[in-house]
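Undergrad: Spelled out from the first residue to the last, the chains are:
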Amino acid sequence: MKHYKYLLMRRFTQIAILVLYIGANAWGWKILRGDLSASLLMGKVPLADPYAVLQIAVTGATLGIDIIAGALIVTLFYGIIGGRAFCSWVCPINMITDTAAWLRRKMKFSEIQKRFYMSRSLRYWILGLSLVLSAVMGVAAFELISPVSMAHRGAVFGMGMGGGALAVIFLFDLLVHENGWCGYICPLGASYALIGKFSLIRVHHDANKCTDCRDCITVCPEKEVLHMINRSSESVLMGECTNCGRCVDVCKEDALGFSIRSQLKQPKDEE
Amino acid sequence: MKNSPSNDRRRFLLSIARGIGLSAMGALVWSAYVGEVKAAPLILRPPGALKEEEFIKNCIKCGLCVEACPYDTLKLAKPGDNLPMGTPYFTPRTTPCYMCSDVPCVPVCPSGALNEPSVSSYVNAHAKLDINKARMGLAVIDKESCIATWGIQCDACYRACPLMGQAITIEYSKNERTGKHAFLVPIVHTDVCTGCGMCEHACVTQKAAIYVLPRALAMGEAGNHYIKGWDPKDEQRLESVKKEVPHESTKTKLSEKSALDSLNDESGL
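If you read the sequences in order, they're chains A and B. Under the working numbering, read the first sequence as residues 1 to 271, first letter to last. Under the working numbering, read the second sequence as residues 1 to 269, first letter to last.
It is possible that part of the hints are untrue.
[Claimed, not checked] BS3-like, lysine-lysine: derived pairs with alpha carbons at most 27 Å apart:
hint : chain 1 : residue 1 : chain 2 : residue 2
1    : B       : LYS75     : B       : LYS51
2    : B       : LYS75     : B       : LYS133
3    : A       : LYS44     : B       : LYS128
4    : A       : LYS106    : A       : LYS252
5    : B       : LYS51     : A       : LYS30
6    : B       : LYS207    : A       : LYS44
7    : B       : LYS128    : A       : LYS30
8    : B       : LYS75     : A       : LYS30
FYI, nobody ran anything at the bench for these hints, they're computed from the structure.
When you get a sec, could you build the whole thing from the sequences and use the hints?
TA: Dropping the structure here:
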């Protein structure tokens with residue numbers, strides 16, 4: 001059980017948040033109303049997705065006070081505390097892509113499949129492109145096609161044909177590219193990677209305990225962030241880390257664990 | 001030779017060109033899709049909604065208005081509805097807007113896409129929500145299929161209208177065909193109708209003969225060069241026009257001479 005601690009906590013959080021949103025629409029609960037693009041917490045605190053608000057802003061819209069305040073609150077939360085935790089702890093797509101990645105590992109797809117090249121920076125290009133398109137078309141461009149919003153809105157307000165988009169992501173991740181959606185395409189994740197670059201909660205690696213079994217790298221959806229494994233004791237500092245804690249879970253030697261980012265300068269490579 | 005500086009440069013330029021090409025291709029496909037899905041002129045928005053183009057810029061698709069609506073009137077457009085995805089709309093024939101006096105859907109809007117001042121009236125500089133100010137659409141009557149215009153007695157839309165006698169009035173006239181009956185023909189008043197759709201909901205014909213259209217579609221525009229001679233206020237506009245455009249400023253061959261001389265000139269005959 002110890003080896004699934006953070007996974008279970010994550011699933012609980014994801015599902016609980018989803019249920020709270022669904023309850024607001026279906027049974028009139030007042031805890032968390034709206035959806036992931038903008039919501040109202042306890043009927044008072046506005047929350048808004050900074051990336052969605054940014055897209056709306058570049059269309060030349062007159063932004064309401066509530067979404068500006070909401071976007072600031074969310075930005076501060078992930079910027080100071082959570083890092084890219086939205087992706088692994090809140091986003092409903094995460095359950096789909098995790099399932100695809102798990103199946104891929106079980107069926108050893110990555111070992112038999114010839115890897116085709118995609119750049120991890122693709123998502124930042126899509127992020128930029130979405131802002132340009134929003135400005136030119138006068139409508140939040142990514143929000144119109146976002147499978148993340150579609151999935152969440154669909155769960156709360158009715159799915160329609162949105163299930164198709166989710167199936168596409170599942171099949172893409174399963175058959176085409178490991179963690180293809182979250183790791184390479186999703187600009188929402190990219191925006192949280194930028195926001196959470198300097199956040200405080202970090203995975204810390206202790207090289208002295210590491211036996212180089214590489215289990216952590218196998219499960220990590222953003223393998224690049226674990227470049228220090230078995231090399232040096234340092235924290236995972238890249239914004240791309242989603243703080244999912246899977247590496248902490250699977251590490252049998254306790255070489256990985258969550259810690260608060262130290263304010264002091266980190267000792268880099270010991271060599 | 002493989003790693004010569006000039007080959008490096010070629011590779012660098014090629015990768016830039018490829019990046020730009022792929023981005024342009026992506027942008028083209030994406031913008032075509034976005035252009036397609038945002039174009040939906042036949043959509044009715046919640047009360048207080050900004051003009052469609054502005055609305056679609058501002059709406060963050062959170063569904064708070066939908067949750068606030070006590071009658072399940074508002075829906076969020078789902079994939080497959082062929083409407084701008086995630087934006088709120090309503091279908092009066094199914095569920096009209098019941099014109100809540102406290103307009104719960106508007107104040108919850110976090111983005112300002114639903115504009116509170118546009119559905120407020122001011123009493124002693126105090127803003128108070130007033131649903132009668134809403135202009136969600138405009139009821140339009142198809143006289144050919146409205147059975148009241150046939151002479152069959154029906155005032156369903158008139159009775160259903162929350163602004164009965166103001167937004168829809170009944171015009172009485174004699175039915176000459178039978179000689180002893182009356183026509184009770186409904187008339188929609190553009191300046192009062194809120195577009196709530198209660199009339200469309202109540203209409204007894206198989207497909208509603210009175211239906212709500214977005215105002216921008218339902219209304220014409222005469223242009224401001226017509227001046228109503230029977231309206232003294234409207235006639236005042238003539239004075240300012242004279243000053244701006246002095247008379248006989250254009251010279252044509254006919255206007256060279258005075259009108260009388262021009263008429264008496266027989267040289268061309």
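Undergrad: None of the hints should be skipped; say for each whether it holds.
TA: Do the hints match the structure? See the list:
no., hint, in the structure
1, B:LYS75 to B:LYS51, "holds (19 Å)"
2, B:LYS75 to B:LYS133, "holds (22 Å)"
3, A:LYS44 to B:LYS128, "holds (21 Å)"
4, A:LYS106 to A:LYS252, "holds (20 Å)"
5, B:LYS51 to A:LYS30, "violated (30 Å)"
6, B:LYS207 to A:LYS44, "violated (44 Å)"
7, B:LYS128 to A:LYS30, "holds (25 Å)"
8, B:LYS75 to A:LYS30, "holds (19 Å)"
The structure is inconsistent with the numbered hints 5, 6, although it conforms to all the rest.
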